[in-house]
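Given two chains presented individually in distinct reference frames, assemble the corresponding complex, making use of the accompanying hints.
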Amino acid sequence: MATTTATCTLSSPDILSQAISVSSTMTLIKDNTAATGLEQLNYHRALIPTGTQFDLIPESAALNTNPANYVYIINKNTDVTDYAVISIKDEVIGSLYGGDWMFIPWSNSVTETEDAQSGQGNDTSIEITATTHDCVIEYALFHSGETLLTADDA
Amino acid sequence: MATTTAAISIASGDISDNNFSVSNTATLTKAGTDTGITKTTGLSRVETSATTNIVLFDMGESTGVGGVGAITRGKLFIQNLNDRGDGTKYVELLLGTVVIGRLYGGDWAFFPLDGGAGNDIEITPSSTTDTTLEYIMFYE
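Protein sequence lines, in the order shown, are assigned to chains A and B. When the letters of the first sequence are read in order and numbered with this note's numbering, they come out as residues 1 to 154. When the letters of the second sequence are read in order and numbered with this note's numbering, they come out as residues 155 to 294.
Bound conformation, chain B alone (with noise of 0.2 angstroms):
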């Protein structure tokens, strides 16, 4: 097994009246287990310039990513890395057909997967700058 672990850390000295700051660090394991995750993607680089919907992961997929077979739970970081700009461009974020949220250049996300058909990780850029992310999977 491996060991891989994840860590955020939240501050703003401004945001209340007080300092607020959140850091918690988690271990990447098998779904219920202490057994740590074994496989991944890889920091892999996309760059696009399609407005279009792109499957980035395709999770229904009975060869998943790399071909190794479907992938049954994962954990997904993804960053944009294009300038922040004026804040009009920006790249959709989505669980199949449904936006979860917008990443805008220089924003991050990472959360859990649990895969299956139908809950496809696609993005759709807003403007046809090209648009570079980076991604890495952890996934059993």
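Bound-form chain A, shown alone (with noise of 0.2 angstroms):
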């Protein structure tokens, strides 16, 4: 196993009257475990063509095993006009802003009903959709662990 932890901290002097500041750390941790630390990671750096919905992580059987799985995205373009919309099931989540980032639980839970070959179709993949320019998009999944499950073509 493996020890990853995730700290978020949130701050603002003037939002309110008072300031606020909200610090959580997590320990990226396998279901039914108690403590056993997810063990493999994904990282990635892509760029997003503007217009078109991709796949940016797409769900998996040979990763289903353990329903805890967590999603680390940020869009590096520095323009704060660009952005990318984050959807799953073609249901819009939020946009991505130039520098911004998210953090997120993903079940990827296989609904299998996405043509394995076009793409086409609801399932539970991260979906991205490069909006008024291409973005730079940096990405992580953590899990814990994949099978591969189909022979390569022969």
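Hints are computed from structural coordinates only; laboratory data are not their basis. Every value quoted in this text rests on a predicted model; they were computed, and no experiment measured them. Everything hinted at is true.
Here are the simulated lysine to aspartate or glutamate pairs, DMTMM-like style, with alpha carbons at most 20 angstroms apart:
#, chain 1, residue 1, chain 2, residue 2
1, B, 193, A, 14
2, B, 193, B, 212
3, B, 184, A, 79
4, B, 243, A, 31
Taking CB as the label site, the calculated pair distances span:
#, chain 1, residue 1, chain 2, residue 2, range
5, A, 47, B, 240, 39 to 45 angstroms
6, A, 17, B, 286, 22 to 28 angstroms
7, B, 209, A, 23, 24 to 30 angstroms
Glycine residues also receive a C-beta, built at the ideal position from the N, C-alpha and C atoms.
Structure below.
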């Protein structure tokens, strides 16, 4: 097992009449265990062309043995008008503008309604659509392991 | 305008051959501008023993959060304050009817919201054990 921690700190001196600061640290742990850490990491950097919805993190039966996965995504563009829309099952979660990041749990509950070849259909993949301009996206998927299920082409 | 920042730090000494560390700080601004977000729910705490679907934020409500109007865009931080225990109890985090993922005891999430009808933020606890959540929404 590995020990991976994620800390979020929110602070503002002036959004309320008193300064606020909220900080929390979590350890990324497998489902159905008290303290066994997630063991694997996929980390990517991608250029997302504008105008088309892509599966940024496709749902996968190969890593579906554990529903406790965590996803980190950041829009590395520096122009604050550039944004990428993040959705799941075609439901829009929200927009990441240049410099914005998000961190969410992800169940990867395989629904198998998406065509494996065309990528069309409604599934639990994390989807992304760059708007205004192409977006440079970095993202990480923390998971418990990936077992390859299908042989490659002979 | 206000200045609000959200910082993340992810670190592991052994998830790969070398240490892994990522840190970034975002300033929370109104969509597509440098103008800081000025509205917040403040930090709120809820407790529930229900195992049914609970609407935490009804994004389609015309009165919105605190009766101040519909949320058009926001950033939500939410945390499950329960002890992790044996890792079998959690809160499902949903966007409308779509499950995003599970918040086990001690877990948190931070993500943008575009709002709109049908994109309610909902939770479904897995156990009748009292669940305590804290959340804060920054919104336009």
